[in-house]
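Chains as they are written, first to last, in the numbering used here: chain A, 175 to 511; chain Z, 175 to 511.
Think of the hints as simulated: they come from the structure by calculation, not from any bench. Fair warning: this is a prediction, and the values are worked out from it, not measured in the lab. The beta-carbon is built from N, C-alpha and C at its ideal position, and this holds for glycine as well. Just to be clear, a hint being listed does not mean it is correct.
Beta-carbon label-pair distances, calculated as ranges [to be verified]:
#, chain 1, residue 1, chain 2, residue 2, range
1, A, Tyr-443, Z, Tyr-328, 42 to 50 Å
2, A, Asp-428, Z, Glu-275, 55 to 63 Å
3, Z, Glu-275, A, Lys-430, 23 to 31 Å
4, Z, Lys-473, A, Gln-423, 57 to 65 Å
5, Z, Thr-416, A, Met-368, 46 to 54 Å
6, A, Ala-510, Z, Lys-473, 52 to 60 Å
From chain A, some residues computed to sit far from chain Z (all C-beta separations above 10 Å) [to be verified]:
#, residue
7, Thr-248
8, Gly-280
9, Val-297
10, Asp-300
11, Ala-304
12, Lys-305
13, Lys-354
14, Ile-365
15, Ile-370
16, Ser-371
17, Asn-424
18, Tyr-464
19, Glu-470
There are 2 protein chains.
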Amino acid sequence: MAEYIGQGVFTFSNPVRIESYAAVAGKKESEGPLGYCFDEIIQDSHFGRQTWEQAESQFQLEAVSLAVRKSNLTKEDIDIICSGDLINQCIGSAYGLRELEIPFMGIYGACSTMAEGLITSSVFIDSGTAKRAIAVTSSHFSTAERQFRMPLSYGGQRTPTSQWTCTASGAVILSSDTGKSAVTGGCIGKIADMGISDMTNMGSAMAPAAAETLRRYLEATNTNPENYDYIITGDLGTVGSTLFLELMQNMGKDVKNHKDCGVLIFDNYAQDTHCGGSGCGCSAGVLCGYFLPMLENGKAENILFIATGALMSPVSLQQGESIPSVAHLVNIRRIAQ
Amino acid sequence: MAEYIGQGVFTFSNPVRIESYAAVAGKKESEGPLGYCFDEIIQDSHFGRQTWEQAESQFQLEAVSLAVRKSNLTKEDIDIICSGDLINQCIGSAYGLRELEIPFMGIYGACSTMAEGLITSSVFIDSGTAKRAIAVTSSHFSTAERQFRMPLSYGGQRTPTSQWTCTASGAVILSSDTGKSAVTGGCIGKIADMGISDMTNMGSAMAPAAAETLRRYLEATNTNPENYDYIITGDLGTVGSTLFLELMQNMGKDVKNHKDCGVLIFDNYAQDTHCGGSGCGCSAGVLCGYFLPMLENGKAENILFIATGALMSPVSLQQGESIPSVAHLVNIRRIAQ
Numbered sequence: 175m176a177e178y179i180g181q182g183v184f185t186f187s188n189p190v191r192i193e194s195y196a197a198v199a200g201k202k203e204s205e206g207p208l209g210y211c212f213d214e215i216i217q218d219s220h221f222g223r224q225t226w227e228q229a230e231s232q233f234q235l236e237a238v239s240l241a242v243r244k245s246n247l248t249k250e251d252i253d254i255i256c257s258g259d260l261i262n263q264c265i266g267s268a269y270g271l272r273e274l275e276i277p278f279m280g281i282y283g284a285c286s287t288m289a290e291g292l293i294t295s296s297v298f299i300d301s302g303t304a305k306r307a308i309a310v311t312s313s314h315f316s317t318a319e320r321q322f323r324m325p326l327s328y329g330g331q332r333t334p335t336s337q338w339t340c341t342a343s344g345a346v347i348l349s350s351d352t353g354k355s356a357v358t359g360g361c362i363g364k365i366a367d368m369g370i371s372d373m374t375n376m377g378s379a380m381a382p383a384a385a386e387t388l389r390r391y392l393e394a395t396n397t398n399p400e401n402y403d404y405i406i407t408g409d410l411g412t413v414g415s416t417l418f419l420e421l422m423q424n425m426g427k428d429v430k431n432h433k434d435c436g437v438l439i440f441d442n443y444a445q446d447t448h449c450g451g452s453g454c455g456c457s458a459g460v461l462c463g464y465f466l467p468m469l470e471n472g473k474a475e476n477i478l479f480i481a482t483g484a485l486m487s488p489v490s491l492q493q494g495e496s497i498p499s500v501a502h503l504v505n506i507r508r509i510a511q
Numbered sequence: 175m176a177e178y179i180g181q182g183v184f185t186f187s188n189p190v191r192i193e194s195y196a197a198v199a200g201k202k203e204s205e206g207p208l209g210y211c212f213d214e215i216i217q218d219s220h221f222g223r224q225t226w227e228q229a230e231s232q233f234q235l236e237a238v239s240l241a242v243r244k245s246n247l248t249k250e251d252i253d254i255i256c257s258g259d260l261i262n263q264c265i266g267s268a269y270g271l272r273e274l275e276i277p278f279m280g281i282y283g284a285c286s287t288m289a290e291g292l293i294t295s296s297v298f299i300d301s302g303t304a305k306r307a308i309a310v311t312s313s314h315f316s317t318a319e320r321q322f323r324m325p326l327s328y329g330g331q332r333t334p335t336s337q338w339t340c341t342a343s344g345a346v347i348l349s350s351d352t353g354k355s356a357v358t359g360g361c362i363g364k365i366a367d368m369g370i371s372d373m374t375n376m377g378s379a380m381a382p383a384a385a386e387t388l389r390r391y392l393e394a395t396n397t398n399p400e401n402y403d404y405i406i407t408g409d410l411g412t413v414g415s416t417l418f419l420e421l422m423q424n425m426g427k428d429v430k431n432h433k434d435c436g437v438l439i440f441d442n443y444a445q446d447t448h449c450g451g452s453g454c455g456c457s458a459g460v461l462c463g464y465f466l467p468m469l470e471n472g473k474a475e476n477i478l479f480i481a482t483g484a485l486m487s488p489v490s491l492q493q494g495e496s497i498p499s500v501a502h503l504v505n506i507r508r509i510a511q
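One chain only, chain A, in its complex shape:
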């Protein structure tokens, strides 16, 4: 059972274990500072398929298959799978996971999807509805660019505040009883909208959501940033990260242990990625490739993973709307064996 705190904040009496995880990334991601940490690198952006959408599906299927194999499970051991992505109608997930025949919960939180999937999966396990659940998501540079911005062949100029959608996928298997780290609590985000309508400045649109969610969790659990080894945001990038830290400072919270998956994944100067990486696959890949191994190896004990999502579409922006954002938080700790 969860301890009821209300307004989307919760802590589990019995932490929900992380039994396995896997990260799969593309060529450009393999050339960045974290290139060494992914389980598998796919050099071909089509992953042997005919379209980029099919390639993204393949990334997701590969991450799930790897996570299942790494823990010597079979797909029949999994009770539910929570998945979503950025492509219209989440086809990356639906087509990618179709052949698995695992009960499927489609979720949509834009780039916050990995945290939302971890929350949903762990609550299903906490309630006894499932013994094992998978949270997975993906993104692909080429599917995202043509859908949210321009077809790549237009050769559009990228603005200074733009980020580079990662081609990557991360999958986590949560379990009621096995695993060296565990989800101990979380905070479900509220939609925040500060009126930003620039589709090439997503970090700034999402930073207030991250700050609000972190504030709520710290207050509800009576903790401070220094109680955690790392406070990890999903893909705020360099501009969004600066704004996030400012917003936290305005609340009297000095977040010295902040890391952003979008900042970590690329060398922005050498790789010409402007403000950093983005996309659901960015935070999912960095969580599964970099931070979860740190917990497993004892290099970190207690982290907050706050994935942020921008909930707009090109249609809503064309209609003059601003960008609503959401940030979901997951508290993950190393479990003494």
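Given chain A, work out where chain Z should sit, using these hints.
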């Protein structure tokens, strides 16, 4: 706690109550056989807003606001809201619910969204993560047509197997302790794909998913169709319903008490709706306007609500893919007072 059955099937030891609900529908829906049963009819397809997308958001906000008012609650009493819709990136939900500032879980199950939202909400309450949760979804004829098929102004011919996307929304407030009916169990759907690729024959694409989910729930709970007052599918329409009943008969199950929300909502001959209604708002509106009041008034005791969703996008079909479908099942019973 839920009783663990596995593979996405569950029953709750303490059923999760349905405290309130509301249905809001458009003009055409008000002229159909169920026109009398909706809480509110909106004659203007723009709902006073500038675009159809904004109108759909307004429908969703109105359904939630009505459900909250009907039970004398305020939005601060709600811990989480689970919502999704058919528009790209689920903007109907994100923009509609933005002003509420309730912790927001975005879900995507196409037309199965209402059942998925009821499952997610009730599992969150069962685990103690929330005391009150809202499941809501919507659809709008004009947003769906231009996105999935043709812009309305093209004046395209509708095929005989096509269905009419309902302009409607339904919202349900689930609670840990108050309400005359309750979610007693459910079954999370697996993705089914029988190779159908005709975007105007969604009923046939979705029928196998409904049959497979119903079969799993009946087997896991050791029940038969006649143990329920109604077995309700979401929006299979007339063609899909016939196929669903045939598939069930092939499994040796004669479903005599079947109702389909898409068949019920329109008079297909008088209203020229071909195979019936469809869209997330169809099953959500009919559940909240027609079936939940029957449970409250004692006209039914035990129903299965199986909402079906087609998980394709126009892009996936243009790329030669078939239509994967999913069906989620919710068992709802009247509670003795």
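How the hints compare with the structure:
1. A:Tyr-443 - Z:Tyr-328: 42 to 50 Å: holds, 48 Å
2. A:Asp-428 - Z:Glu-275: 55 to 63 Å: Given about 26 Å between the Cβ atoms, the range is violated.
3. Z:Glu-275 - A:Lys-430: 23 to 31 Å: Because 29 Å falls inside the window, the suggested range holds.
4. Z:Lys-473 - A:Gln-423: 57 to 65 Å: Once the Cβ atoms are compared, 59 Å apart, the range 57 to 65 Å for Gln-423 of chain A and Lys-473 of chain Z holds.
5. Z:Thr-416 - A:Met-368: 46 to 54 Å: Because 51 Å falls inside the window, the suggested range holds.
6. A:Ala-510 - Z:Lys-473: 52 to 60 Å: holds, 56 Å
7. Thr-248: Per Cβ check, Thr-248 of chain A is outside 10 Å of chain Z; nearest 13 Å; holds.
8. Gly-280: violated, 4 Å
9. Val-297: Per Cβ check, Val-297 of chain A is inside 10 Å of chain Z; nearest 5 Å; violated.
10. Asp-300: With a cut-off of 10 Å, Asp-300 of chain A comes too close to chain Z, as the shortest Cβ separation is near 4 Å.
11. Ala-304: violated, 8 Å
12. Lys-305: violated, 6 Å
13. Lys-354: The claim holds: Lys-354 of chain A sits with its nearest Cβ about 23 Å from chain Z, beyond 10 Å.
14. Ile-365: Violated, because the least Cβ-Cβ distance between Ile-365 of chain A and chain Z comes to about 5 Å, which does not exceed 10 Å.
15. Ile-370: holds, 13 Å
16. Ser-371: Holds, since 13 Å exceeds 10 Å.
17. Asn-424: Correct as stated: the minimum Cβ-Cβ distance to chain Z is 19 Å, above 10 Å.
18. Tyr-464: Holds, since 26 Å exceeds 10 Å.
19. Glu-470: holds, 26 Å
Checked against the numbered hints given earlier, this structure breaks hints 2, 8, 9, 10, 11, 12, 14; the rest are met.
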